[in-house]
Structure formats: structure tokens, C-alpha cells
Amino acid sequence: MNPTEIYDALSDLASQPYDASAFPYDFALATDAARANVDRLRKGGTNRSDLPDGVLLNRRFHFAPADPTAEMTVDSVLDQLKASPRNKQAKPAILLTTDGIMLAAFHPASGESLHCRLDEMARHFGFFLPAAGKERYRAVEENPVDVQATGKLARLYDALIRHNPEWKNPSHTHIMNQFMMRLIFCLFSEDVGIFPKDQFTRLVLDYGGKEGEALHTVLQAGFEAMNLPKDGRSHLPDWTAPLEYVNGGLFAGEIAIPTFDVTAFRYLKDACQLDWKDINPDIFGSMIQSVADTGIRAELGMHYTSVPNIRKVIDPLFLDGLRSDIQKEWDRAAALRKLRSKLGHIHIFDPACGSGNFLVVAYRQLRELEMTILQRLATLNGNDTMELFSIIPIANFHGIECADFAAETAKLALFIAEYQANALFAERFGRAIAPLPLREAAHIVCGNALRLDWEAVCPPPGGDTLVYIIGNPPFLGSNYQNAEQKADMAITFSGAVKNYRGLDYVAAWFFKAARYIQGRQAEAALVSTNSLCQGQAVNALWPDLLRKELEISFAHTSFKWRNNASHNAAVVCIIVGLRNRPETKTTTLLKRLFTGETEHQAQNINAYLLDAPNVYIEKASKSIFGLPEMTYGNKPTDNGHLILSPEEKIQLLQQAPQAEPFIRRFMGSREAINDLERYCLWIDDAELKQARQIPPIAERIKATYAARLAMKDARNNQKLLDRPWQFREHDAPQNHAYLVPSVSSERRPYLPAIRVKSDTISSNLNFVLYDAPEWCFALLISRLHLAWAASVCGKLKTDFRYSNTLGWHTFPVPVLTEADKEVLKQSGREIMKVRASYFDKNMAELYDPNKMPADLQAAHQANDALLEGLYNKGQAFANDTQRLEHLFRRYAARVEQNRKKQTVRKKRSTMKKQEG
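Mapping the sequence shown onto the UniProt record's numbering, position 682 (from 1) lands on 682, and the numbers just tick up by one.
Just so you know, the hints here were simulated from the structure itself, not pulled from any lab data. Think of the CB as a built atom: it goes at the ideal place given N, C-alpha and C, for glycine as much as any other residue. Just to be clear, a hint being listed does not mean it is correct.
[Stated by the list, open to error] Cβ-Cβ distance ranges computed for the label pairs, FRET-style:
(1) Glu484 / Pro237: 42 to 52 angstroms
(2) Lys841 / Gly477: 32 to 42 angstroms
(3) Asp544 / Glu484: 22 to 32 angstroms
(4) Leu424 / Leu205: 44 to 54 angstroms
(5) Asn37 / Ser15: 22 to 32 angstroms
(6) Gln658 / Gly477: 46 to 56 angstroms
(7) Gly344 / Lys277: 20 to 30 angstroms
(8) Leu29 / His115: 21 to 31 angstroms
Work the whole structure out from these sequences, hints included.
Encoded structure:
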């Protein structure tokens, strides 16, 4: 079972009436225990629990019921479970108890506890994954203080703009942003020890005036002093003498200060009172950027990545490997020194660095690993033999950012991160590095990453150098790219990727990263929308990216974006890591596939982010497995004149009853799923003369002609102008048709395909099988087909987006006998029969996963078991992962078979030409 299926099973269990005697066995099944094992457990043969009515399943769980009427609360029973001596040998992953209302659970391995209502169990399904033998992948917790600080600074910024309206002009944008950046650096520095405690606050309060009237000149002189050595300040007031010389370019260049009114002054005092040492430099730059840019502030969640999401990128890319190496060499001093030297040769490159979040988090984590090594070496060899300093310079961190202010802010954020790491170093080893003046900076370049030479920003690795490319580039679907961005795509992909125009903007970063790392000691991992690994994008991009040299080293499948902002972006993302393939076929490197909180060790990760062969599903105009052809429905292209609402239909028939033969039911995807009524005029060419004799119909035909004539390229669509009484297509079933909505909810367990009679016309928002054999319906509404379509067709956000050329014409089908087709036909009819018994419910209601009728669910499960038995030697698949792996193998085999046939045909053709 995959995590989604475990979630569904736990949700079902929590929604059922509580039965203490049945609960542990149902829990075992819900967490993927084999039914045979559960049956043996139920009979008592394998139960080793020593608690009343307890159930113990080795290495999975130990359960005992609680009874509040007997004062056996869930907490007291959980304590009994913890104390059970049977746990020592059985090693259960979860200790679990419930009284039917409350639930308590405990992880013996991690020491974590869970207390919740029983009906909320599915919300915490990740906690129960160890009971299914699945490792729990947990992200790092976030720090909420950062967002609170943003609010304080935003109020100050807005007050300054109100009092200095001329600073709204674009000519002042950069200097205002730079002022805020310098201000925040001062606030931070006096709280963490870079400046003497409260030095900047005293300057503001002692010299700024009662209402801030003198702050303009005070800050002007103060900032100038911080850019000069103390012996170069003779022209400045004496009170600037104690201020520190900062250097590092932070206070260099023009220094301009806005004037303060009493409101702005009060907000600055509020900011001075904040304890800035608790601020994470991980989002330091983004915080400044959000303050300075009200547009970004409104949608902060779309403009930076939080620490947990950054760790999803950098941990599997390089940090986990380094931690493993340290643990392996824990008792070998020489090997640990080599590992430390390796840390000093690592370069981190973010070609879409924004305000530096990825770089800051990577820097902090590497410094933490270095201190771990130094502490261990001190234990092994003694402090006297240690050289206590850091060999990880921020000059090893490189970035590209198109916004000047963000690029400068990234450098500042790394300075702050370096200071904090040095402070922690001093705390642990008793040796401090002077914080000021600032020294070398990170190599951050302001420019367009798709126009710059990446090797000029981050020199390619040589010798012992390792380069890791990381980041969260801008997504931007093809329809949202402006002219400059479209030109960026053309420059990047020209001559390499033919069908790049439909790709998201982020694809260009993947392309350049793949080119950079190829054949070098370098790897990459980037965040993307999930569309990059679905549907047509896969075939357009990934064959060029992977080729023979590269492979996907790890991936996070689709997850919803979460970050530190109070406003979270509704974006569904993936993370993909790229590396060079091993030089020899005998070398196999671990590949890691993350789905939610679980990790799977994969043999291969293909471009669809599946543990399956590297095949690319290509559009097919006809089925490569012999299925009937599927087409689009009919596109009206009529500006609404050939379409009728129920009220318009009634009105038309009242005016002209003779119009009834020309009116048919009309269905798009919304109508099919929600059983909504709409109608259309449907006129065959032979009926045109009769139809035009009906005045309301004639008026609609005339209006359609006028609408089409006004459309762009009307003359190029002469066929539409020549028949304004018909849709663009004029396809109707002779007997019946199967409609598949082009977009439907991801929550549904099956595609909501329906059968309609010959009196119904489908719009182009459905895909249609006209007069197809009835057994095809059993395939359309199967779990196998849904899993395939979800993987290869792509999605709209998270909803299923269907495609005939990708979803149906490529759908792998075994050879079916006439007997097979007959049983499938009957299976499909049974589902139709059950649906018909719920005549008062539409497809949306019938296929709501929380309300799906039990008999309909049973009919679908029977259909799945029947169909999957034809694929899999009589056995149903356990989950969607198995389904997809099997389907991809079938597809790969058919493609290879067709390739061989084509090769044979070419050889025969060549031989005939030579003979001739």
C-alpha cells in the first residue's frame, strides 16, 4: 500500500463504529499487514501481548484497549504498553490504545507521542506509517518569529513612504530598499554582538530627537561612519567615533536617508525593541525584500522557500551523504580530517537565488557538520592538536539573481549566517573570530540567469572541488511568460529541445543545470511545478536532459507548498535531483524516491518520478494496443448562438414546436459530471432547408455567421463560415457514446466516464468513444486506467487532465479473447446498473470518496479485480505503484516490439531497392 492508500484505509477505520475486539485487526489491515498474518493473529497463534485484550504484531504494533468506565484512560493504558516486557523481543514500531473516543500512541524508536480524537486518526496518518514498515520522512520545524518581524518592519516602511511620497518614484526604489537593508543589519548586529549591546538603539533614542525630527541627519552620519575606518572620520560628529567599521561593501556607495515623522519614529522604536538574535538568516533576505516590495509582501509565500522545503532539496542531494560518511568514519581521525577537507572544497550554486535562502541554509548546515567533525577530533586527539578555525568560506557560495536589491540582500544574509556560525563556533570551542570588519563576500551576480554563462559565475569543478546546484527557479507556465521570458526560453533551448514552447519557465534552469553538471564532479537538485514530470512536458524535455550521461538521483513526488509566510501559495511542487550515471554498468548508486513522509529505494527513477523503466509516452493518433479511436467532442465556435439553456429551449419550442427534431441534449464536462441540463441546435446538411424555415433557428444561424465573421482569422476558417448551422465538428453517435471529461477532481477514485445515447451531443470539453464496443467501458472506469492517465496525461493543479492521444491511445492492454471481452462487458453493465439505482445522484455525488455507495464501490472493485487478473496472471495489483510499474513495462515492451518491426521493414525495403 502506498501512503495515500494507508491514509484512505485509516480514514475508513476511524469513521466506523468503534469495536474494541475488531479494532486492532482492522488497524493491521489498514497498515498493510498481510491478511493471512492477520487471520493467524486473530486466532491467537502469533499474539504475544501480555495485557488484557491486547494484540501484539511483531515489529508493527502493540495494542491494548482503554475503558474510561473502569478508570483505564488512554494515558494509563499507554503507560502499561510502554512498560510491557514483551516489547523488547517483538520490537513494535507503534504502541497504540483507544477508548473509542480518544487515541494515544507512542513511537518507541523516536520517543514521540500522539494524542488525538479517534476520528482524527487519518489526519496523523504519517505517525502510523512505521506500523506499515515505512520510514517516516520528517521535515525540519519552522521558526515563526521571522514573519512577526516582517510585520514590524512593514509598518515602518509604509510610514516612511507616506511621509516621503517622492520615495515612491522608481528612481528612489533602490536607495529606499538599501536604507532598509542597512537598518535591519544594525538592528540585528546590536542584539547578536557584532555591535556593542544596544549601540544603534541608543544612537536613535539619544540623538534622534523627541519625535524623530533629527533622525535624518543622525542616520546619515552614522551610516557614513560605518563605511570608514575610525581614523578617517574627522569630518563626522564626535559621537560617531564608537561606531564600528563594517566594510564588506554594505555601507559603500550613496547613502540617502528618508525623513521621519512621529509615526515612523515610533515604529522604528518598536523595531529596536525586538530581539533580533532570534531571527533566522535563512529568510533574512526574503524578509527585507518583502518589507521593501509591497507586491511581494502581499504574496510572500510565492517568493521564497522555507527551511523545511530547502532541506528537502539539500539533505538528499549532499547533506545526508556527508552525515553518513561522518558516522562511518566516526572513530578514524585521519578519515575525519579528509572529510573536513572535503567540506572546504564544496561549492554551492543557486542560479535563481533571490535573497539567498538556499545558500544560507546550505552554509549553516555545512558549518554544523564541520563543527561535529572538529568536536569528534577533539575527543579522539585532544584539543592541543587541533587547529580550531573554519575552512568553509562564504566565497564558496555562488548565486544569480535578476533583482539588484535581492542580490545585495543575499550577500548580507550570508554575512549574518557566517557571524552566527562563528558565534556558535566560539561557544563550542572557546575561540572566536572577530566579526568586524566584514571580509570576503559570497559571489552573487545580478543578471538574467538564462542569458549569463553559469561557468563564469561558478567556475566548473576541478581537482577536489565539488559543485552542487540548488534552488527554486520561477515556475511560470507558457501562457504566463512575457515576451522577454519567451525569448529567454528560445535562447536557452534553441537547437537542442524542439518542443520547448509549451514548457514552464523553470524547465530552462533544469536544462542549463544538466548541461553544467554533465561529466563533472557536480550534481543538481531544483524545485519545480509537478507539470514538468507529467504529460507532454516529459516527452518534450526529459529525453534531452537525461540522455545517456545523466540520471535522476532522487525525487520528491507532488506535494503542496508550505512556507514561513502567513499567506501560503497554492502551488503543487516536485523536487528532482540530477547526477552523472556511474561510469561502469556494474556500479549501482542508491536512488531515493520520497512520497509524502515515506522514502522508497528505487532501482530507477524515470521522468514520471516512478520506479520504472526510462520510457517516454508519446502521443499516438491511434491506439498502439488496438483500442477503438477516441476523439474530441464538438467545439461550437458559435459565440453561444447554437447553444440553448433549458429556459431557451422551452421558449424556442413555444415559438416553434416544429423545431424539436433539431434540438439535442448538449454535454460538456460540467454537464456530464453534475448532470446539468444544456441543449444545442443539431442540423444535418440534408435538414438545412427545413431548419431555415423556422424563424428562431434561422436567426441563430445568421447570428452564428456574424460571430464567426468577426473572429480572428475568419477567412482562414472558411469552412466554419460555409456552415454556420453546425459546430466546428459534426460528430454524433449512431447508437451510443462514452464521454470522458477532460478535467476532473483528483479526489475521485475513478474517472467519471459516462455512457450517453444517440440523442446527446458532446462538447469539446469531453473526449469521446463513438459507438465503441461495450467492453471498453470496463477499461475506461478502471483503477488501472486512472493511474495511467494521472501519470502520463498531466494535471491541472492537482486535478486530472485527460488526453486521448496520451491517456487512451497509449494505454497498455493485453491481448483480449472474445470471452475476456464478454466478461468485461458484463462487468461494465453491472456498474451501469448500480449507478442507475441512484438515479437521483449525479457523478460528482456518486464518486465523492467520502460518500461513494458501498455497492457501487464493490462493483468497481470487482471490475478492477477482473481486469487486473487479465493483466497479471489472475492476480489483482496491491496498489497504484504496482499498477504503474506493470503498465510501464508493457508499454516499454510494445515500443521495443514496434521498433524492431520497423527496423525489419526498413531492412526489407533497403534490400528490395538494392535488388531492383
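Hint check results:
1. Here the CB-CB span from Glu484 to Pro237 is close to 47 angstroms, well matched to the stated 42 to 52 angstroms.
2. Taken as a hint, the range 32 to 42 angstroms holds for the pair Lys841 and Gly477, whose Cβ atoms sit roughly 35 angstroms apart.
3. Taking 22 to 32 angstroms as the suggested C-beta distance range, the pair Asp544 and Glu484 conforms, at roughly 23 angstroms.
4. At about 31 angstroms, the CB distance of Leu424 to Leu205 disagrees with the hint of 44 to 54 angstroms.
5. A hinted range of 22 to 32 angstroms for the beta carbons of Asn37 and Ser15 is consistent with their spacing of about 24 angstroms.
6. A hinted range of 46 to 56 angstroms holds for the C-beta pair Gln658 and Gly477, which are about 49 angstroms apart.
7. Between Gly344 and Lys277, the C-beta spacing of about 28 angstroms keeps the proposed range 20 to 30 angstroms intact.
8. Roughly 24 angstroms separates the CB atoms of Leu29 and His115, a value that falls within the hinted 21 to 31 angstroms.
Violated hints amount to a single one, hint 4; each of the other numbered hints is respected by the structure.
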